[in-house]
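Visitor: Spelled out, the chains give:
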Amino acid sequence: MTDLLKDTLTQHANLTEPPGLDLDSIISTGDRRIRRRRAVVVLGTAMVTLAVLATGLTVAKTLGPDPAPVALPFTERRATYAIGSDIHYGRDVISIAPNKLNAFVQTDAGFVFTTTGDGGIFLADGKQVRRLGDGPGELGELTAATRGNLVGWVEGFNDRYESVVYDVAARRELVRTELGNKVPPNVSLATAPRVIAIDGDDAYFGTLKGVYRWNLKTGQSQPFIEPLDPRAIRALTADRYLLDAHPENPTGPALLTLKDLPGNNVKGTYPGKQAYLSPSAKYLLTGANDPQRITPPPTDLKLFDTTAGKQLPFYDPDHPRLIFSQWLTDNTFTAAGVRLIPQLIDPVPGIPVDLLTCSTNTLTCQVTTPAFSTLTFTTTPPRTAPFTLPIGTPIRWLYG
Amino acid sequence: MADGKDSSAFVEFATARHGALYRYAYLLAGDRGLADDLVQEALTKTYVAWRKLRDPANAEAYTRKVITNVAITWWRRKSWHAEQPRDDVPEQPSDAEDSTARLWLWEELRRLPPRQRAAVVLRYYEDLTEAQTAEILGCSIGTVKSQVSDALKKLRARLGADADLIMDKAGMTE
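Chains A and B supply the protein sequences, listed in that same order. When you read off a place in the first sequence, starting at 1, and then add 318, the result is the number in my numbering. When you read off a place in the second sequence, starting at 1, and then add 37, the result is the number in my numbering.
Certain hints may be false.
Unchecked claim - Capping the alpha-carbon separation at 27 Å, the derived lysine-lysine pairs in DSSO-like fashion look like this:
| no. | chain 1 | residue 1 | chain 2 | residue 2 |
| --- | --- | --- | --- | --- |
| 1 | B | Lys182 | A | Lys445 |
| 2 | B | Lys190 | B | Lys102 |
| 3 | A | Lys445 | B | Lys82 |
As the list claims (entries may be wrong) - Covered by chain A, per the in silico footprint, the following chain B stretches (three or more residues, Cβ under 8 Å):
| no. | region |
| --- | --- |
| 4 | 62–71 |
| 5 | 101–109 |
| 6 | 141–151 |
| 7 | 170–180 |
In case anyone wonders, no lab produced these hints; they're calculated from the structure. The C-beta atom is built at its ideal place from N, Cα and C for all residues, glycine as well.
Same shape as in the complex, but just chain A (with noise of 0.2 Å):
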């Protein structure tokens, strides 16, 4: 069959014109078929316990057993940074709008943010924006294990901090406590509690009085091998962790030691105020505090194999200073890097900033978004700048 045939077909085909494309109405009801189809493959194994522990006001839900294995979006790491209300992720970019972000982490199912004006912690997952408590407010910082769906904060309220961790995939919460955490007369603000770290089964709580180890399976906690102030762990990851010896002076010696839990054995020492390990602990970047105090600082990042425990030579000439965004695997890490202006040793308002990918490889960076903001900083406190990664915190100016 032939012309008449096809042409008729054809013709009415064409005059047809396509309506909308509804992909929210598409993604939403797909999601909802997904979900539901695990609902029944987990039922009747999943087990939530709650046990209200002797210390009164601390409940923890154990995990129980691992729900069967479910694909979430945002398990990639990309490049990633986000301006106002565009969360840049690679290629594609989310809206968080009418919400200005201030400070951000990714997780398996999304990104978790908080916005400017203390207005809560919310999670954006590409489709929509939930909301999920009133999180740490805008001085807050947000921390996300390195893989997975946990995320953690601590929420300040007249008498006692608590430590929360939420999990995203589950819209609940892990723990939340005040261990170690009730406000006494005259607390000095400069050690505010924070959430260390979240690897593994474990959160690491950094409190006024030292750091505790909290098992998320168990809900059982522990004080870490020594007291320590909370900011004395400048990362733990793969059950090795960076101590500063002088957390209280930004400004004096910087010098990490590299040790390992359980046993706290050293492993090594390294140059630097600043660390980042990468996922697997392998490598270790470190750098120095700035002296202006743009806080992460931008710093000349130092690379270092602590497997031989030895630096390498990474080097990118067109940015000396970076500052930290994320690993994305266990051998490439992101950063903005502050371009190179021969005549200036420090930066200036307007000094363009560069979105990198760089390899502990090649042991150089590449440039993934050119110009993609500038280095500059609000006039008024918070002065904050007008870009920040996900790195849980916004990128800050101290000096004004």
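Based on these hints, arrange chain B on the given structure of chain A.
Guide: Okay, now just chain B, sitting in the frame of chain A:
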């Protein structure tokens, strides 16, 4: 569904192919509202199954198969002999060449049973081979041949006295 990379790939696929899929669905359903529902449902099923598909070429074939099967299922539930939708008011004016033959043919195509109509659309609009048509309809090549043959016979019979003229214009000879 899958991870962010897969989600982006699905969005890219759906955005790029929505128009073509909608036109295919419209030719099957003969009604714009039903066609929209068919595509929406088919893309939802494709989204759920996306991780198993990966290749966009597979995704398109899968989505067309779903459109066809869902259309046939809906028609069976609604009884094909019940009142059929009429949605043949074109959104653009037809040109002067839009002959009586085409209007007649379109009306008669709409009255074909769903599987026969699907076979005709796949063979003569989508230009698929008999084997490809059989794959989408989930039947043998022999069944495709018989479905198309039966469809042509019905068209010829229904067009009655004008059949010869129309068949000649259409080249509808076996």
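Visitor: The structure should be examined with respect to each hint, and the outcome stated for every one.
Guide: Outcome of the hint check:
1. Only pairs whose Cα atoms come within 27 Å are accepted, and Lys182(B) paired with Lys445(A) is rejected, the gap being roughly 45 Å.
2. For a cut-off of 27 Å, the pair hint linking Lys190(B) to Lys102(B) stands: about 25 Å separates their Cα positions.
3. Taking the CA atoms of Lys445(A) and Lys82(B), the gap is about 18 Å. The hint holds against a cut of 27 Å.
4. Under a criterion of three residues with beta carbons nearer than 8 Å to beta carbons of chain A, the stated coverage of the region 62–71 of chain B is upheld, 3 such residues being counted.
5. As drawn, the region 101–109 of chain B meets chain A at 0 residues by the rule of a beta-carbon pair under 8 Å; below three, the given contact is violated.
6. Against chain A, the region 141–151 of chain B contributes 3 residues with a C-beta closer than 8 Å to a partner C-beta. That satisfies the three-residue criterion, and the hint holds.
7. Here's how the region 170–180 of chain B fares: 0 of its residues keep a CB closer than 8 Å to some CB of chain A, so the rule of at least three is not met and the hint is violated.
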